[in-house]
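Put chain B on the given structure of chain A with help from the hints.
Which chain is which? The protein sequence lines are A and B, in order. Note that this note's numbering numbers the first sequence so that position 369 is 422, with each residue one more than the last. Note that this note's numbering numbers the second sequence so that position 85 is 138, with each residue one more than the last.
Note that these hints are calculated values from the structure, not bench results. Check before you lean on any hint, since a few could be wrong.
[Unchecked claim] Negatives, chain A to chain B, calculated, CB over 12 Å:
hint	residue
1	109
2	157
3	196
4	239
[As the list claims (entries may be wrong)] Pairwise CB distance ranges, derived in the manner of DEER restraints:
hint	chain 1	residue 1	chain 2	residue 2	range
5	A	218	B	266	49 to 57 Å
6	A	63	B	270	53 to 61 Å
7	A	249	B	413	34 to 42 Å
[As the list claims (entries may be wrong)] Chain A stretches covered by chain B per the calculated footprint, using a threshold of three residues with CB under 8 Å from any CB of chain B:
hint	region
8	144–153
9	320–332
10	372–383
11	413–423
12	446–458
Ideal Cβ positions, reconstructed from N, Cα and C, are used throughout, including at glycine.
Number of protein chains: 2
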Amino acid sequence: MTLILPTRSEPLTVDAALRDRAAKVIPGGMYGHMKVSSATMPPSYPQYYARGAGSHLWDVDGNEYIDFMCGFGPQILGYANAEVDAAASAQQALGEAFTGPTAQIVELAELMTETVAHADWAMFAKNGTDATAMSVVIARAATGRSKLLKASAAYHGANPWFTPGGAGVTPEDRANIVEFTYNDLASLEAAAATVDGDVAAIIVPPFKHDAFADQELATQEFASGVRALADRIGAALILDEVRTGLRLDQAGAWESFGVRPDLTAFSKAIANGYALAAVTGTGALAEAASSVYVTGSFWYSGASMAASRRTITLLQEIDGIGIMETHGTALREGLAAQATSYGFELFQTGPVQMPIIRFADDAELKTAFAFTDATVRRGVLLHPWHNMFLSAAHTSADIEAALVATDEAFAEIKRLGL
Amino acid sequence: MTLILPTRSEPLTVDAALRDRAAKVIPGGMYGHMKVSSATMPPSYPQYYARGAGSHLWDVDGNEYIDFMCGFGPQILGYANAEVDAAASAQQALGEAFTGPTAQIVELAELMTETVAHADWAMFAKNGTDATAMSVVIARAATGRSKLLKASAAYHGANPWFTPGGAGVTPEDRANIVEFTYNDLASLEAAAATVDGDVAAIIVPPFKHDAFADQELATQEFASGVRALADRIGAALILDEVRTGLRLDQAGAWESFGVRPDLTAFSKAIANGYALAAVTGTGALAEAASSVYVTGSFWYSGASMAASRRTITLLQEIDGIGIMETHGTALREGLAAQATSYGFELFQTGPVQMPIIRFADDAELKTAFAFTDATVRRGVLLHPWHNMFLSAAHTSADIEAALVATDEAFAEIKRLGL
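The shape of chain A in the complex, shown without the other chains (with noise of 0.2 Å):
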C-alpha cells in the first residue's frame, strides 16, 4: 500500500469533461447525496470514479483513494469482494428477474431471522427508502392509526414523507409526522400526547447520525423509554438501521440496550454494494406485513440476495464489526493526537466505524473543507460533514497511511492560519 499522492493528476480532466457533458444531460449535473459541487465539497473531490478494490478506489483521472465513505455505506467488505461477487454472479448467471422469486428470497429471510434477534420474518426491495416507508405502512395496517413520531433532523429516506429537501412536497405528505428530540425522552412523551392515541410508529436510528453536527449515541434511558412508550401507547417501534445495519451489531443495533424493536428497516450495507434492502419485524406483525400492498419489478431477484447472504455469512465468520472498530479506533486515536499537536480542536463523534468529524468554530466548515480538501489531495476520502464509514477491508496499513496524509493536511491547514 503506497499512498498516491505523487501521482495525482491536477486537474483531473476526465473527471472534468465527464461533469461537462453530465451539465447538458443531467439536472444540475448531477443530483441527489453523490452530487459534488462547490456549495457542498471541496475542490479537490473527484464526482467520477472508475474503479474500486477492497478499501480503495480510483478516480476517472486514475488517482488512488483509500475511501472512508465506503459508497456513503454499502461497501462493508470492500469493493468488488471476491467471495461476495461470486456468489452473485453465480445467481446473475442463471438468469435475473423471472417471473417469480427464486430460493433465495427463502435462504435469506431465514438467514435474517436467525441473525437479527427481533426479527420473525423478513421482506425485500430495493431502496433505503423502501424499507422505512414499507415499516411505517405496516405500523399503519397494524394499529389502523396515522401518526409517525420521528426525531427532527434525522434522516429516513428521500420520498416527499422524509426527504429533508422542501421542493415538490406537499403539507399533506408530511401531516402525519410529528417531531421529537432524539435522547430527549421528554420530548418524545410530548410529543406523542398531541396526537395521542393515533400514534402508529416510533421511528429512530440507533444513533443520531445527522449530517451537519456531531453524533450522538443513544442513551440507555432513551432506548428503554422508547420501547417503553411504543408498548405503552400501542404503537410500532421502528430502529432505522438503513445506515447501520452489519456496522453495529448483526442482532441489532440495541441489543446491547436490550431493546428490541418491532420492525427494522435495511438497506445500503447488506449486500454489500449489490442493490437491496430489507424489513425485519416481530410475528405480531406479521398478518399486518402480508395485508399491505408494496412491490417492486426488482424486488426478487436473486443475485443481491445471494451477495447478501454471503455478506452476512462472511462478516459472522471475520468478525467484521470488530475489525472495523479496531481500525476505527486507531484512525480516531491517530487523528485525537495529531489534531492536538498541531493545536485544532477537533470534534470526533460517532460510533468509531461510522465516525464524523467537526472543528471547533468553524459554522461555516471552512477548516472542515480545507482539511479534507488536502486530504483527497493526499489520496483519502474524508468527508467534512457527512458522517464516514469504515470497512472490514480497511487495514492496519490504510489507517497508518491515511495519518500520513492527515498529518500533511493539518500541517497544511495550520500553514493556512485555519
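Below, chain B without anything else, positioned relative to chain A:
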C-alpha cells in the same frame, strides 16, 4: 425447442417445500405482484424459478416453460442475454456502489436524450415507483401546485400515493389525487375543473393496461387532448412508460400521435432485468428537477446502466419491437383461430407485444384460470388477468410450440364444459 409436457413433475415438490419454508419467514408466504396463491392464480402455477435463458424459464422442480410474462416486463431481450450481461459484468468487475457515480451515468443519460424524443435530460433510480413519484415531485416543484390527475384504476406504482391496496394508507396520502376516466377527455376536463389552478401534473399510461380488464389503446383525440389541457392549465404531462418503455416505440409511446410528454417514467425493461429506473424530461423542467431532493444508495451504480445502454442499442440494432410485433401477432391470430374453432369467445386486447386475454361471461375468471392452468401444465406461462409481455427473444418456434399447448388447453377446458 420442444415442449416439456412429458416431463412436467407433479406435484412440484421442491416448490412446495420452499413455500412451506417461506410461510415461516415471509409474511403471508410471499408479498407483492409475484405472490402465487389459490386466490390469485391457477393451481399449477409455480412460485419459484431456478433459471432463465432467452424466452424460457425453468422452475425449481426442473420444468421448462415458454414464458410470456418476462418477469412482468423486465425481460425484453430474454433472460441472461449474453451481450447485456457482458456489458454489465464488465462494469461489475470494476466494483459497484462507489462514493460517486461512474461515467456510465453520463453515457446513459446521453443515450436516452438521443433515443427518447422529448428528453433533454435523464435521472436514474431503482424502482418504477421511484420514477413515477420523482416525476410528480418534479412537476410539483416546477408548478408550486399539489394536485395530480390520474386515470381511475391506472397503476402507477406501489407507494401509498398510488398503491391499489388500502392497508396502511392514510387519507392524506391520497389527498392530492383526482381521478378521471382513461380516453375520456370530458372526464379529464371535469377532474381538472374541480381543482382549478392547482394541477401540478396529469399522469397517464400510454394505453389503458389495468389488470382484470380489457386493455384500451389511447385515441389520437385523447392523447392530443391531454397534451392541450396540460398546456392550457400549465400542468406537466407525465407519461408513465414503466410498463411500456422500449416495447412500443423507443422514441416514446405517443410519438405516432405526435404527442410528447414533459416527463416520462421508465423502469422494468430498460436494463433487461437489471434494477434500474429513469425519468426523462424537457429542458423547461430541468431546473425543477435539480431542485428536488431525491436519492438512493444504489442509484449511481454502473452495472445496471451499462446493461441499459446495451439493451437500448441492441433493441435498435435487431428491431426488437418489430420482432415482438411479429410474434405477438402470430400468437394473437393463432389464439383467435383456436378459440373460434373450440367455440370460445376470447377477447385479446392491448398491443400484440403486451397482450391480455379475457373469456366472455367469465367474471369470476373460472375459464381463464382453467385455460392458463392447462397451458402452464403444458409448459406455457400465460396469465389469467394481467397483461403479458413478449420479448425479442421469443421465436417463431416458441409461438408454434405455445400454440400447440394452447390448442390442447382449449380442448381440455372444452371437455371440462367451461
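Which numbered hints turn out to be false for this structure?
-> Of the numbered hints given earlier, those the structure breaks are 1, 2, 3, 5, 7, 10, 11 and 12, listed in rising order.
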